[in-house]
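Let the hints inform the model, and build the full structure from the sequences given.
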Amino acid sequence: MHNKSLVQLANSLRAGEFTSQELTQHYLDRIEQFDKDLNSFITIAPDSAIAQAKIADTLLQKNKAGPLTGIPIAHKDIFCTAGLKTSCGSKMLDNFIAPYDATVVTQLKAAGAVLLGKTNMDEFAMGSSNETSFYGPVKNPWNHNRVPGGSSGGSAAAVAARLTPMATGTDTGGSIRQPASLCGITGLKPTYGRVSRYGMIAFASSLDQGGPMTRTAEDAALLLSSMAGFDKQDSTSINEPVPSYLDFLENSLEGMRIGIPKEYFGEALSPDVGAVIEGGIKEFEKLGAQIKEINLPNSQLVAPTYYIVAPAECSSNLSRYDGVRFGHRCHDPKDLFDLYCRSRGEGFGAEVKRRILIGTYVLSAGYYDAYYLKAQKLRYLISNDFKEAFNQVDAIISPTSPSPAFELGEKVADPVAMYLADIYTIGANLAGLPAISIPAGMSHELPIGLQIIGNYFEESKLLNMAHRYQQNTDWHLKTPKGY
15 MHNKSLVQLA
25 NSLRAGEFTS
35 QELTQHYLDR
45 IEQFDKDLNS
55 FITIAPDSAI
65 AQAKIADTLL
75 QKNKAGPLTG
85 IPIAHKDIFC
95 TAGLKTSCGS
105 KMLDNFIAPY
115 DATVVTQLKA
125 AGAVLLGKTN
135 MDEFAMGSSN
145 ETSFYGPVKN
155 PWNHNRVPGG
165 SSGGSAAAVA
175 ARLTPMATGT
185 DTGGSIRQPA
195 SLCGITGLKP
205 TYGRVSRYGM
215 IAFASSLDQG
225 GPMTRTAEDA
235 ALLLSSMAGF
245 DKQDSTSINE
255 PVPSYLDFLE
265 NSLEGMRIGI
275 PKEYFGEALS
285 PDVGAVIEGG
295 IKEFEKLGAQ
305 IKEINLPNSQ
315 LVAPTYYIVA
325 PAECSSNLSR
335 YDGVRFGHRC
345 HDPKDLFDLY
355 CRSRGEGFGA
365 EVKRRILIGT
375 YVLSAGYYDA
385 YYLKAQKLRY
395 LISNDFKEAF
405 NQVDAIISPT
415 SPSPAFELGE
425 KVADPVAMYL
435 ADIYTIGANL
445 AGLPAISIPA
455 GMSHELPIGL
465 QIIGNYFEES
475 KLLNMAHRYQ
485 QNTDWHLKTP
495 KGY
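Numbers in the working numbering are just positions in the sequence shown, counted from 1, shifted up by 14.
Just so you know, these hints were derived from the structure itself, not from any lab. Bear in mind the structure is a predicted one, so any value in this text is a computation, not a measurement. Keep in mind that the hints are not guaranteed to be accurate.
Claimed, not checked - Keeping only pairs whose Cα atoms sit at most 35 Å apart, straight-line, the calculated DSBU-like set for lysine-lysine is:
#1 K123 <-> K296
#2 K99 <-> K123
#3 K401 <-> K348
#4 K18 <-> K495
#5 K78 <-> K246
#6 K388 <-> K367
#7 K306 <-> K492
#8 K401 <-> K425
#9 K68 <-> K50
#10 K50 <-> K425
#11 K425 <-> K367
#12 K495 <-> K123
#13 K492 <-> K276
#14 K18 <-> K300
Here it is as structure tokens:
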């Protein structure tokens, strides 16, 4: 059962080949069997999952099923789930039980999905390797000595190891696409505002975006159809009609113009990754696409701009965790100042503290103009580069990550090296553009992802390109040994 796609699972459930209870129990058994080694889940909810599956079976029998009825899902532990711990991978929220569901959770419940549990993640989504989690690092199912990527590493590892057929993730600077690349799955970051952020605990509010993590582009299209949509509870949500993404998957790529940014193929790129991406480009040529070299001249400014804007917003968003209203509170504080200092000092990990300090510094009175204001101006230039590019091409292809999965602990002591793991993904977040990573090859038995960036609200085009590519290749069907 665990090797079936979402579409196949939906068809099998409707045909009565197995029940949702049987399917859900199958995945719960796999989690129990394999996750001791992977550490991809923070919370598992077997009792409520079986209860939801029973309801799903009743709906299936009455022919009242939704698009995802009876199919198990895992949510990144950044989405609030009523009655279930929502920790954000942090000691600060280790005792937090959300009183409400995030809009994404509500929508997927309405679509019939069965919640298996909450997946591990970098603390407050700050990290590129899933090593900053309070609950310990997630292991890459392809090689347990390697990282799965971050911050949605738990979701990526769980999907890759077939512990869940689908999962949600969030992407602030590549946190869906980079772990999707390192774990050999499909991960889509939608246009900013396409998926509601209500109930999704904030890291950097102008960058964060939820999205689907699945094995295939077809699965991602099915999951996104239930996740996307306008939400009046989210002031950043955009009231744009949601197309039926499945309807566009079979469109021809004949004559499509694909841009290749020369700035993304420099010294920072591993030769193995470069060779895989070149092979992927040739596959798109076979499908009828026209390849054109383009320029994104401000690409070298992407990482420094992001690491001013994102920490500034994180400094503001995380100020609410003060030990007063909810979350971790230090023991026996002497006074209010002691409560603040010790609660935050004990509750946050090293990477979160580092980014809060950077953000507070760049927002301070003496440095706001020199750093934060200048970064916002550079963000406009970066967005304009993409705007100019999309006047020439329909989509952009690039590497997702500069290298395959690196070793656990390899970059922990070097924050700058860790930050550069997202060098090819950050630009789409700064510009608010949709982008997808799909499996495109292997290097030393480790998967490599190819990234496709599209224009605003053109997720259907990205999914179409990814699906047609996957019809002609089998990289997305590869499974880690032992799973």
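A quick look at each hint next to the structure:
For the given pair, K123 sits about 40 Å from K296 by alpha-carbon distance, which is inconsistent with the 35 Å threshold. With a C-alpha separation of about 17 Å, the suggested pair K99 and K123 falls inside the 35 Å cut-off, and the hint holds. A C-alpha spacing of about 55 Å is found between K401 and K348, which places the hinted pair above 35 Å, so the restraint is violated. Between K18 and K495 the CA atoms are separated by roughly 17 Å; this keeps the pair inside 35 Å, and the hint holds.
Only pairs whose Cα atoms come within 35 Å are accepted, and K78 paired with K246 is accepted, the gap being roughly 27 Å. At roughly 23 Å between alpha-carbon atoms, K388 and K367 fall within 35 Å of each other, so this suggested pair holds. Pair hint K306 plus K492 holds up; C-alpha atoms about 30 Å apart against a cutoff of 35 Å. In summary, the hint linking K401 to K425 is supported, as the alpha carbons are separated by about 34 Å, within the 35 Å threshold.
Proximity of K68 to K50 is assessed by CA-CA distance (about 27 Å); at most 35 Å being required, the pair is judged to hold. The hinted pair formed by K50 and K425 meets the criterion: a straight-line CA distance of about 24 Å does not exceed 35 Å. Annotation: proposed proximity of K425 to K367 holds, straight-line Cα distance about 18 Å (limit 35 Å). Of the pairs offered as hints, the one joining K495 and K123 holds, with about 32 Å between alpha carbons and a cut-off of 35 Å not exceeded.
Proposed proximity of K492 and K276 is supported: the alpha carbons are some 30 Å apart, at most 35 Å. Straight-line distance between C-alpha atoms of K18 and K300 comes to about 28 Å, which keeps the hinted pair within the 35 Å bound.
Hints 1, 3, counting from the list given before, are not met by this structure.
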